[in-house]
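*Asks:* Listed below are the residues making up each chain.
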Amino acid sequence: MATEVLVDVEVNGVAHQVRVPPRLLLSDLLRDRLGLTGTHLACEQGVCGACTVLLDGRPVRSCLLFGVQVDGQQVTTVEGLGDEQALHPVQQAFHDEHGMQCGFCTSGFLISTAAFLEEHPEPSDQEILDMLGGHLCRCTGYQNIIAAVRAAASRQEVPS
Amino acid sequence: MTARPKYVGGAVKRREDKRLLLGRGTYVADIQLNGMVHMAVLRSPLAHARINSIDISAARQHPGVLDVVTFDDIRDLVGPLPCIDLFPDSKQALHTVLADSKVRYVGEPVAAVVADDPYTAEDAVDLIDVDYSPLDPVVDLGSALRDDAPVLYEEFGTNVANTIHHEVGDVDAAFAAADRVFSERFDIHRYGAIPMETRGVIAAAEVGTGRVTLWSSTQFPHLARQFLAGVVSLPESHIRVIAPDVGGGFGAKCEFYSEEVLAPVLTMRLGRPVKWIEDRREHMLSTTQAREQTHDVEAAVNADGTVTGVRVTSYTNNGAAMFTLATTPASIFSAMLRGPYRIPNYRAESHSVLTNKTPLAVYRGAGHPQAAFVMERMMDIIAFNLGMDRGELRLRNMLTSDELPSDRGTEIVLAGKVEYDSGDYPRCLQMGLDLIGYHEFLDEQAAARHDGRYVGLGICCYVEETAIGPYESAIVRVDSSGKVTVLTGSSPHGQGHVTTFSQLVADEFDIDLEDVTVLHGDTDLIPDGVGTFASRSAAIGGAAARLAAGRVRQKAMDLAAHLLEVSPSDLEWREGTAQVIGDPSHAMTLGELAQAATAWNQLPEGFEFNLEATHRHQAPGIAFANATHIAIVEVHPRTGQVTILRYGVVHDCGRVINPIIVDGQVHGGVAQGIGGTLLEEFAYDETGQPLTTSFLDYLLPTASDIPHIETAHLESPTPLNPYGFKGAGEGGAVGSPGAIVNALADALAPLGVTLTSDGPYTPARVLGLIQQASDPAT
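Protein chains in written order, with the working numbering: chain A, 1 to 160; chain B, 1001 to 1778.
These are computed hints drawn from the structure, not numbers from a lab. Each residue gets a CB set at the ideal place from its N, CA and C atoms; glycine is no exception.
Negatives, chain A to chain B, calculated, CB over 10 Å: (1) Thr3; (2) Leu6; (3) Glu10; (4) Arg19; (5) Leu55; (6) Asp56; (7) Gly57; (8) Arg58; (9) Val60; (10) Leu65; (11) Gln73; (12) Gln74; (13) Glu122; (14) Arg155; (15) Gln156.
Covered, in the sense of this in silico footprint (three residues per stretch, anywhere, with C-beta under 8 Å from a C-beta of chain B), are these stretches of chain A: (16) 23–32; (17) 84–95; (18) 99–107.
So here's chain B without its partners, still in its complex pose (with noise of 0.2 Å):
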């Protein structure tokens, strides 16, 4: 009899498409309840302001309002919004749910209205009459740290929040000793996660109890019902937390925003439910924007190519506030600057800065993308100027794979130590010129050159953190049908949880796929739980939902074993069905082995009725997956349009559990990087006001933008789960601007023109960067 083939690895179609396709999805702005209003949100015109007075009386008048408030009228009622990855001696530069006396962004929530329809509610908002005293903004980082600058809380006198700092090895020595020191200075422009779904919520409290319910776009219902719960002084008991359908998050959603604070108090004045939904253009002022750094990096190099040493001085633009994810881009920057290199040597100096723009957090590799911009930039940097081979250069430096596990001497905050695991960074990279055809590329390259075409060829290549901790939660249990329902605290938008986890637990229990059942988004129904974020999952979730489905598979044969009289080591597992082994006709289903678990006196001695367990993964370290990029790109030289020709991605996130998943989340990482690399920026003027607050002005990449990406994948297994599964959700977005740049840089090359922004490069900036190279002087 042949084994039934296992899911896991296998090219499963998703589970939950039918539903949406069919819409019939329930995302937050499609729930409708009885009595239900409207809230809408006054929002700062200014970057910088002092708030005289706020005049709300003909707002209230307005026929339909039902409520209006300001910070005065809640100041009482709620603490500030937390940031979870603040250092101690970080300044505790926290927002409140409503400006308080001072606005410091423009979109910062002012007031909030509740009326019967969001129609009225916008109108009443329109009547809200606020004085302000405009203050000096300060927009960019030079302006911010300069010592005359305005600061943005006058309580710490500067505007640098935090400064982060890694050391490791004798780098003074290694540029004492250094045949050559390269120095760069790196801009990283502002661009974000633009989830297609906005973000919204509502909040209802239960008349009697107090009880509140949260429905949010969010990645972290868990999350939310605790900072919700620390907000408002209430107890976590009486709070919760429902993520239905969530449209897209990508890091935008891993934050907890006022308006999930401002429902749930206006609900509790009003004792009606109340709905808030983003529109694009608030989206664009008040959801986290992401990404913008500058970076000073020296490179330590012998004459042979080794770099030896990396001194860095970056800074991190984190706009308004410390936002709940607000310091880890800047901690991930710098604690994963030299990537897949040894470079022994390393001191790293990296400055959160406040400014009037839009608070910045993560956004799909938070610190991953410039990180791997900045190191791939500089390695080709190195090349150039040695004379080297690109991939060359890169192999002789990177760690092997006999090297690891590696201690890098450096730590990210929250998720701990940078211990890389497993991988084997010079094949992925081969694997990488393999496919794309690097050395046929160079003679076509030289042929292009000859015939006056400017094409050029991009690696990238990273290590990336995934499958952080703290640990997340999985109950599975089995019903006296037979069937098995997974309860996981890890909730998607997108990633396909409830086919990837069904995969996994049908396979323990050797059943049918559709037999499985996957929960999640609901904090009552699952008593706790972590959220998806830094490509976690998979790796901690599934882990978990495949170590409770295997307790559940133990505890049945146990049962088996003693209602069949025979010792466990008689039994085997098949096909959902405990056998005693040669003797298939003395057997029990899952659903005979549920139901006589919760039936009266013939369960084994110290048994626990059900079939149903609760795990608990904690991963005992970080799980590195790594990648190389490698981009083809054509600029036309007379429009200055970047074509990409080709693009290739060799991924390793250890086991793959559905290559068609994570095929779908490479294809997407990698269109969001080449978005941020030619097509987007949040761009503000000298007052800090947002000049791109639309999809007119904020361009996203279309289906014409993207080329086809050829994938491959090497699988190292991580030796920090049972199974080897790392993360796969965000490597996309964090190879391809340092691929793509560095091609434009290569297809740029003979005109003379030096690359050290990530972007955008869009056709007017390219052609600008052209027409300098050849005549400096304009």
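Chain A with its partners taken away, still in its complex shape (with noise of 0.2 Å):
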């Protein structure tokens, strides 16, 4: 059994230490370590979208990353964008407009549109399709993703 490596990760603002192999993906680190399994497994080949996290508020492939990568750096996880009492303005604009069916892709999209929209505060329809690009649904056909982005968006605008 090769070295394990302790990595020092803040997950949703929570620091945690883990001891991990070094081939463990960053996707298995969240789901399996520390039981964020929001983040889901689509194609563990950076394809898909499914596994989106924000690595320091990027998005990032978690399936393309190994744990020992984000050694020191933050990651938010789909758990660490809402709660219960406060859904967060995409999460709500996905519910309002039916932008998902069986749930599975819907945590990469949730995550890529907050990241997407923090830097694109009115974007134009171009740019939604362009950040949609890389997330496959197979339930909905888009169309009320497009429309929740865009009601996502005009929320936002909204001066807090």
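Work from the hints to combine the two standalone chains into their complex.
*Replies:* Written out as structure tokens, the structure reads:
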């Protein structure tokens, strides 16, 4: 058995210290070691986007990183977006616009959309399509996902 | 006092969303059990080969490995996996849990390893050494049918597993009398469901009782329980199947797979829970694929455009074995080819052919997309050759609502007799033409062609079997708090059953949606059920839930009459309360009645304790939905790129329970049809090696590939259930291939291109067709 490596990582604002094999994927670290199963694996080849998390605020595919690579960094998963009392505006918009069916790909869409709207508070339709192009959904036909991103964008324009 | 607005028919937002949005769903992969170990599967690297020997010694000795099995280790414990839609005279080309002396497709399970963690299990799979003698593979239909073709199952002496016949009217007389006969060969390519969640199972045997729990990403937990019981010879009472959150299925999980037996067998051997999560490559190799068929079609047509007869011989490339629902696509195709058209004389012969490809079974629409594609392509070819308008030709041949019900003289395996129940097909088509602006388009097309642009419009009208039996179960109970619990035998995977069923039951009791809890997907909780497939859940399962709720309400009324000492006819039901008419002060709430229903001494004679009822709803026949899809596309003549400019659907699924959910189903189905038509293909080389084993080479549509889908609804209630519901889950995928390919053919018509395949029309392929048409010598 290969030597295990100590990883210090802050996930959703909570500091964790975990000892992991060097080959353990970040996605498996989050899911199996930290119990954050909202991050889903649908291809493990970096294509589908389901496993997207934020690493120091930027969206990354957690299936394409090893856990040891996030040492000393901050990770945000879908569990860190909103909570039961207050859904994140993007989560609320996906609900309002029926931008989800089976829910399996949804976490990745939510994470990418949240990061995208931070950088593009007033996105054009083409910018929305370009961002969504990094994610696969097999249920919705994307129409209501596009509507949800637009709705979330329009809500974020309201000064808080 | 105004009545409370009803939920049924309303755009009710989904109740299942919140936990999924918060990342708190529970899919099989999310479940961890104490002492759980992990299974990995060794799969065949060859399409057709004899297994001489399997050496598992190195794998067994690998640190962390707990067990390794081949078929010889479990041969005495397991029977073959069932195919439930075989005809009595079909070849029983059933598959075994692991390969028995021979492999017949790349990806076939050969051995299984269990280890402490999934990484180690995969390492050990690589240490298994299998000695194969390759055999000649049969890959395409043509070579599988040759007299000298290698046969997959020597005992049958043929690769044809099954043949279905239909004969309606006097077909040969119709052809003899026809003014024109059109003949075409149509090819449908292989693509598939590809749910975002791959398959997965966990099995745990209870020490001391041997009772097995199987968590599976399945569309039909109750059927899985029955199949597992049969394969491992356990009584169903010793098996519990749980379908937790399931991340899409579309038919691919409407199957019972080897891994759903392997994990239970291994947990029984080891006494520890065994988990297996399919990876995407395994999914592309070993989960059922779909659609692939070839059809020789002839149509007998009068000069006025009346189609008097159709003859069709079709072949389905079923791959290497007859899986759970292997015959259904061919059966639906041949029973439903004529769609909404009269065509009084009809003959179909439909063969299921075995090849060394991954097994084929149902995928959203089963044989309907193929039928709609073939019939609607044929209609356009006839219209073009007769110089008739496409819409007019269709309207001339369509059954009108006055002609329904209409016994079509065919039958679908498992589902039964094809007798169209209700609908207005001509109106649906007319609404579609109006929605898209058909006549305006013809003017625009003329102008576009003048400008050197290639735009085209395609129509696809279809009729679709939905809401099939045999039945669905529901238990409705009211607890002492007055809240209602619904247990349904239909287990969802994204369709929104919780919301839909809540709407139905809340309306029956005239209570808030939030007062209804809907539970599903656990065979210990719900004694029996059938599942979610064939667009059946709302119509059959929903009707069962509503009817069970009605029985509970009646029981509550009877109890209230007894306790209030009035006649039942003096009571009315309002807002979850039985009230004396005209005197709301004399009333009992659901909660009070539920409490009274469990109390001593005060119940009416013969009253069964508790406010609970079970109903198993059996429809007296199939409810047939229908739709018109119209696509407008543009082809870039120099790149071959196909752009969908407009897409319209007029959909008739009877009475709509929730338009948000129905539209979502239509969108998703259309997107899958677009994917199959423009992008997706399970490709194989001539040795049977799959070429599309990842999302890098099997292209799924992204947001940019799907146009805005315009929808409109026509509601023709079915008389086959009390509420008029038909199914809505699959139709989007049924109409889209035909609509898009007809549009593409229309766009390319000035170039002399003819299309007889359903795709995928990738830019390279379209460019090739254009070049071939402009220079036939190439």
